[in-house]
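Asks: Below, each chain spelled out in residue letters.
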Amino acid sequence: MKKVVIEHLARVEGHGGITVELDGKKVGKVHFDVFEGARLLESLVRGKRYDEISPILSRICSICSVAHSLTSLKASENAFGVKVSPQTELLRELLYQGENIQSHALHLFLLAVPDYLDLPSAIALAASKPDAVLLGLRLKKLGNTIQETIGGRAVHPVNAVPGGFGTVPTVDQLIDLRKALIEAVKDCDTVIDLMASLPPAEFCHCDTAYAALRSPNADNYYAGDEVVVASNGDRSSISGAEYKKLANEQSVLHSHAKHSSFGGKPFMVGSLARLTVNPQRLTGKLAAATERLQLKLPATNPMDNNKAQAVELVGDIERALEIIEQLLHDGLKDERPLKIQVRAGTGTAITEAPRGLLIHSYTYDAEGRITAADVITPTALNAANMELHFRRVVEQCAEREDKVIVKRLEMTARAYDPCISCSVHLVRKQQRQ
Amino acid sequence: MKPLLAIGLGNPLMGDDGVGCAVAERLACDPRLPEYAEVICGGSDLLRYAGEMEGRDRIVVIDAIQSDTEPGSVEIFEGAGSGLDDRQLDESQDHVHNLSAVQAIRLLEMLKSVRCTLVGISISSVTVGAGLSPTLDARMPAILDNLLQELSRCSSEQ
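Chains A and B are the protein sequences, given in the same order.
In terms of this note's numbering, the first sequence opens at residue 1 and continues consecutively.
In terms of this note's numbering, the second sequence opens at residue 1001 and continues consecutively.
Bound conformation, chain A alone (with noise of 0.2 angstroms):
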């Protein structure tokens, strides 16, 4: 029995690998190996009054900040009865614009592009494709902007709090925003074209059950209640309050992430769920990127995942400069935060982070105080069906040379974006001899 470990995987939700047992052609065991510690954080929120739930919970995650923050937001006014003015509405859905826009670019841009012309990182992509990385840093700004702008800052936003916003932003902030994002409307061409000129990644097809929230509105990440499963043409349908069907986490031996799945079978959230669950939005622009990019709905190539992010990020830029049009159209009304009425019971919100379905739901007492807290990440939602795309990944590869694997098996953990927040950073000075 021979093994394939990847000890490190880099760019995932904390610290992860993958083992491989191969006896000759036969694939043995394949694990997806999730080390990080239990962070606790569900339980830190316990005791703790409803105003301070959301600027806690955000730090779970740096990139998807905004995605915390506001799926928090929701499950917190869901438990109290809350109903947020259709302004809100819009600069709350226009604040996840932006996280989803600085999200996908970095992806995109910085971590995934890099593999597919067998660069080892950005930087050395900067050396050859300098272009390339200017755009990615051009809209993953323009995210930040946006979430500066609307949240007050671009990592865990400050502005957003329960019954509404701090502070609305101005007009003239508006058209700032407006004006920032017809530039990059001139992007959107050049993101679908560097992304169909890069090689084919294709190591692994197998059908695949998607799930993701179908709004109203398809392009709203934040409305919603109602996640969809789409497998093999079959759609099922799944409220908020019945979350734990989708969500019914098993503990595995072999990893800190809980493994979860729908009738038996896991299933994969993220861009390439959206889009399958909500065709409805492939229209105009983004049908024209979905057909460039050769992106056919259901996938049964995870590698799609990207394609499916470049489609969104064209989606994004445009649907949120058609908000900053309606919120110009309708006047901006200098709206207080509603006041709080705290009662007993149970709240749960579903939202479409960058990464796919995230799920905060919490139990209050009479005095608003947290007594209980679950918060289900995309990442884990999808570590069971990465697990099964890298078991199709090595079963499907020919070559049995480790380097060929492990590069495949990387290409498709990158694909699915997992996501890791990243609190320090220290410089390391060369030591002296």
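Any given hint could turn out to be false.
Restraint-style ranges between C-beta atoms, simulated for each label pair [said to hold, decoys possible]:
hint: 1; chain 1: B; residue 1: Q1066; chain 2: A; residue 2: G264; range: 24 to 32 angstroms
hint: 2; chain 1: B; residue 1: E1078; chain 2: A; residue 2: V5; range: 38 to 46 angstroms
hint: 3; chain 1: A; residue 1: V404; chain 2: B; residue 2: L1013; range: 51 to 59 angstroms
hint: 4; chain 1: A; residue 1: T346; chain 2: B; residue 2: Q1066; range: 41 to 49 angstroms
Derived from the structure by calculation, the hints contain no laboratory data.
Ideal placement from N, C-alpha and C gives every residue a C-beta, glycine not left out.
Using the hints, position chain B against chain A.
Replies: Frame of chain A; chain B shown alone:
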């Protein structure tokens, strides 16, 4: 040409790791801050400020360093390849989502043709919690003096 830009990096919620941001905040309020310089408290994502490099010849990045010198000592590194641990320049980009500060400096040097000076402040520990350690806090006046001298030197070389 835009003014010389100083960007402080670090996580203010991780003790001395946040020293770059703390220095930037104090520098921004310091009456000695010269007119030819601008200051940004940059958090932990240098790439977010790539657009700020347009029209600048030089930037100064202030960050915590793990070194064998006394905590609070200031060391100057010209560019990403000058005396810093080679592992941080490893092109495999094994860091998680963001590039390390040194990798980000290299990337910006390549893409933006901007000269980056890293002002490293030696720290001895990183702990969860806001605020600097008493040792580093006590060294802050000397750190600011050093930084102002460095800004003056960089400005004269522009």
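Asks: The structure should be examined with respect to each hint, and the outcome stated for every one.
Replies: Against the structure, the hints:
{"no.": "1", "hint": "B:Q1066 <-> A:G264: 24 to 32 angstroms", "in the structure": "violated (49 angstroms)"}
{"no.": "2", "hint": "B:E1078 <-> A:V5: 38 to 46 angstroms", "in the structure": "holds (40 angstroms)"}
{"no.": "3", "hint": "A:V404 <-> B:L1013: 51 to 59 angstroms", "in the structure": "violated (42 angstroms)"}
{"no.": "4", "hint": "A:T346 <-> B:Q1066: 41 to 49 angstroms", "in the structure": "holds (45 angstroms)"}
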